[in-house]
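Read off the chains here:
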Amino acid sequence: MTAVITDPFDPAPRIVPVLHNVPACELAVVKELTVSEFSLAATVWKDYHETNGDPAQDRIFGVFLDGVLVSLARCRRHGGGLEVDGIWTLPSHRGHRFSSMAVGALVEACHYDDLYMYAVSHLTGFYVRFGFIPIPEKDLPATIRERYTWAAGNLEGAEVQPMVRKAGIGTIFLPS
Amino acid sequence: MTLPIPGYTLFNTPRHRHRIMLILVLSLVTIGANLFGMIAGITLVLSHLLYFPIILASYWYPRRGLLFAFVITSIYALLVVLFAPAEPLLNIITLSRLAILVLVGGIVALLARNLAQSEQQLHDIIDFLPDATFAIDREGKIIAWNRAVEEMTGRMKGEMLGQGNFEYALAFYGERRPMLVGLIVGGEEIPEKKYPAIRRESEKLVSELFLPQFYGGRGAHLRFSATALVDTRGNVTGAIESIRDITDQVMTATALENTSNRLNTLSGILRHDLSRKLAVLYGHLRLGVMKFNDPDVITFIVGIKESANGIMRQIETSREYRDIGATPPAWVPVQEAFGAAVGRIDIGRVVFHAWTERLEVFSDPHLPTVFYHILHNSFKAETGATKIIATYHIRPEGCAIIIEDNGTGIPEMQKAALFIQREDSYGRGLFLAHEIISITGMTIRETGIYGKGARFEIIIPSEGYRVEGMGK
Numbered sequence: 000m001t002a003v004i005t006d007p008f009d010p011a012p013r014i015v016p017v018l019h020n021v022p023a024c025e026l027a028v029v030k031e032l033t034v035s036e037f038s039l040a041a042t043v044w045k046d047y048h049e050t051n052g053d054p055a056q057d058r059i060f061g062v063f064l065d066g067v068l069v070s071l072a073r074c075r076r077h078g079g080g081l082e083v084d085g086i087w088t089l090p091s092h093r094g095h096r097f098s099s100m101a102v103g104a105l106v107e108a109c110h111y112d113d114l115y116m117y118a119v120s121h122l123t124g125f126y127v128r129f130g131f132i133p134i135p136e137k138d139l140p141a142t143i144r145e146r147y148t149w150a151a152g153n154l155e156g157a158e159v160q161p162m163v164r165k166a167g168i169g170t171i172f173l174p175s
Numbered sequence: 000m001t002l003p004i005p006g007y008t009l010f011n012t013p014r015h016r017h018r019i020m021l022i023l024v025l026s027l028v029t030i031g032a033n034l035f036g037m038i039a040g041i042t043l044v045l046s047h048l049l050y051f052p053i054i055l056a057s058y059w060y061p062r063r064g065l066l067f068a069f070v071i072t073s074i075y076a077l078l079v080v081l082f083a084p085a086e087p088l089l090n091i092i093t094l095s096r097l098a099i100l101v102l103v104g105g106i107v108a109l110l111a112r113n114l115a116q117s118e119q120q121l122h123d124i125i126d127f128l129p130d131a132t133f134a135i136d137r138e139g140k141i142i143a144w145n146r147a148v149e150e151m152t153g154r155m156k157g158e159m160l161g162q163g164n165f166e167y168a169l170a171f172y173g174e175r176r177p178m179l180v181g182l183i184v185g186g187e188e189i190p191e192k193k194y195p196a197i198r199r200e201s202e203k204l205v206s207e208l209f210l211p212q213f214y215g216g217r218g219a220h221l222r223f224s225a226t227a228l229v230d231t232r233g234n235v236t237g238a239i240e241s242i243r244d245i246t247d248q249v250m251t252a253t254a255l256e257n258t259s260n261r262l263n264t265l266s267g268i269l270r271h272d273l274s275r276k277l278a279v280l281y282g283h284l285r286l287g288v289m290k291f292n293d294p295d296v297i298t299f300i301v302g303i304k305e306s307a308n309g310i311m312r313q314i315e316t317s318r319e320y321r322d323i324g325a326t327p328p329a330w331v332p333v334q335e336a337f338g339a340a341v342g343r344i345d346i347g348r349v350v351f352h353a354w355t356e357r358l359e360v361f362s363d364p365h366l367p368t369v370f371y372h373i374l375h376n377s378f379k380a381e382t383g384a385t386k387i388i389a390t391y392h393i394r395p396e397g398c399a400i401i402i403e404d405n406g407t408g409i410p411e412m413q414k415a416a417l418f419i420q421r422e423d424s425y426g427r428g429l430f431l432a433h434e435i436i437s438i439t440g441m442t443i444r445e446t447g448i449y450g451k452g453a454r455f456e457i458i459i460p461s462e463g464y465r466v467e468g469m470g471k
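So the sequences go chain by chain: A and B.
The first sequence begins at 0 in numbering that gives the first Met the number 0 and counts up by one.
The second sequence begins at 0 in numbering that gives the first Met the number 0 and counts up by one.
Honestly, the hints are just simulated from the structure, not real lab data.
Do not take every clue at face value.
The calculated SDA-like cross-link candidates involving lysine to any residue, where the alpha carbons are at most 20 Å apart (straight line), are [stated by the list, open to error]:
1) A:Lys45 to A:Ser35
2) A:Lys165 to B:His375
3) B:Lys386 to A:Lys137
4) B:Lys386 to A:Ser35
5) A:Lys165 to B:Lys304
6) A:Lys165 to A:Gly130
7) B:Lys304 to B:Tyr281
8) B:Lys386 to A:Gly167
9) A:Lys165 to B:Met151
10) B:Lys386 to B:His375
11) B:Lys451 to A:Gly167
12) A:Lys137 to A:Gly94
13) B:Lys451 to A:Lys45
14) B:Lys386 to B:Arg321
15) A:Lys165 to B:Arg343
16) B:Lys451 to A:Phe129
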């Protein structure tokens, strides 16, 4: 059995043997998507509010397994700051730490800016591992806050928690 | 043939003669029409015809416009007194009409004077430009010929203005041919095969030529650059061309190139000889490893081999230094440059991540060498680094490529000397990196904290980077 591995430094996919006792995350490759790969992201995000990437303001980080995009994280540049969202793994590929790989890549790539997000409430612990801390909604930049205007301040009802990862907080050397 | 009228220089110029004749004819016709109208009992409509000679005279000759309007209105007033029916209402209307005629003449004269001043300023700017400059209109006639081009060609402005049929080219090439302005006005495509010396730089056409017949046969290297003159609707109305004498620069560059070639030849010979000697040394070392079993001797041989490796790297660095700046800068994909750099290093168990996928920088093509020398230090076992990350950060002043590791870092006291030429091998690669990036205005600094890791920041000016799909 073989797998196609897309390496950021090797445009030609490599064929490597898949070992049955090797964890899937060790065979996966994480990379930042090129503009031509944004359409792949749109396919993966189809079940995630039909999200679409915009190359003019987004950096998207994806995990490829056997040459197939299975997990995503997006960093969107707003007027007032950078927002992390679109963290999504195909239901068929969950449980292999692919989201950790995508978010880890995003944090490594974008950690020189403050990163804001609306985290799903029960996942705040996951993001704390990457240096995010919960904050009151008023501390979010206005341009990012606009997205949840419909909740009228009742974020508990919407089951989301505003969080921030401050630039320059130190360790970026997350477990790979 | 028209004989000149002594003392009337204005009237002796064909263009002015035509204008003056037109104004006189218009004046006579309109006054005649008014006289006829008054006799026929028409006193209201025909007086408006007087605007035509007044407006034309005031526009073409602003200094005399008001006086001319006054004269025309006076003649009209006289005709009214002599030939129009004597009615109080008509007198009032006539008086107000006379005032309006004079007022129109005055306003047009004022506007025309301001316009003429503005045009004169533009001509003065072109006239005093340090570069030889001329311009042509859509028909190819010369409309500007400044002092610098007079000095360069010996052809005076007075004799050149208004000339067509590629007269400007005679001054440079001794033959009539379309120069860059001619090509622009002609709207021709510029085939590279026909004009290999011409290149397009943004909206300009540029070419550099040696003209052997220039300066009395001494010859000159000239740089020509031309651009279209367009109206508010974007239509080409003419073109302007500047010519700069670059003979001194070309001679200096040629001399430098010759010197550089000699030095390169010398350093090439030295590199070749050193490589041969090193090959012999490596051979002896291999034999030594096979011949001796004593661990102390083996350790000694390994030490010599490491020194030989260092010399080999110095030779490589010297070869790279010879090549930098030799190829013109270009847009370089940063991720590929990191890939090429890492491909030259044995990274061992160190994890390396580069997050620069869509970034391109305008750089000397040796950008991978820059990354190689930065990464080479981080990958050394003695730094203790287990992970290296490269990313970029967009800042108000441009973009920073940041390469950081989690090794021991660089002591504060060593940072200042990192990028200057030094005797030891550590600094020389970084000196080379600094030299390469500075070609396109980039800078480099080390901002890590000793004990926590090294961090190199390459700062790219705003115009020197772009991110695919980001419109920047």
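Hint check results:
1. A:Lys45 to A:Ser35: holds (17 Å)
2. A:Lys165 to B:His375: Distance ~30 Å between A:Lys165 and B:His375 Cα, so the pair is violated.
3. B:Lys386 to A:Lys137: Roughly 37 Å between the alpha carbons, so the hint for B:Lys386 and A:Lys137 is violated.
4. B:Lys386 to A:Ser35: Measuring from Cα to Cα gives roughly 29 Å; hence the hint is violated.
5. A:Lys165 to B:Lys304: Distance ~48 Å between A:Lys165 and B:Lys304 Cα, so the pair is violated.
6. A:Lys165 to A:Gly130: holds (8 Å)
7. B:Lys304 to B:Tyr281: holds (7 Å)
8. B:Lys386 to A:Gly167: holds (18 Å)
9. A:Lys165 to B:Met151: Violated, at roughly 63 Å.
10. B:Lys386 to B:His375: Between B:Lys386 and B:His375 the Cα gap is close to 13 Å, so the pair holds against 20 Å.
11. B:Lys451 to A:Gly167: holds (13 Å)
12. A:Lys137 to A:Gly94: With Cα atoms ~34 Å apart, A:Lys137 and A:Gly94 exceed 20 Å; violated.
13. B:Lys451 to A:Lys45: violated (42 Å)
14. B:Lys386 to B:Arg321: Violated, at about 32 Å.
15. A:Lys165 to B:Arg343: Violated, at about 35 Å.
16. B:Lys451 to A:Phe129: OK: B:Lys451 and A:Phe129 at ~19 Å, within 20 Å.
Violated hints for the displayed structure, listed by number in ascending order: 2, 3, 4, 5, 9, 12, 13, 14, 15.
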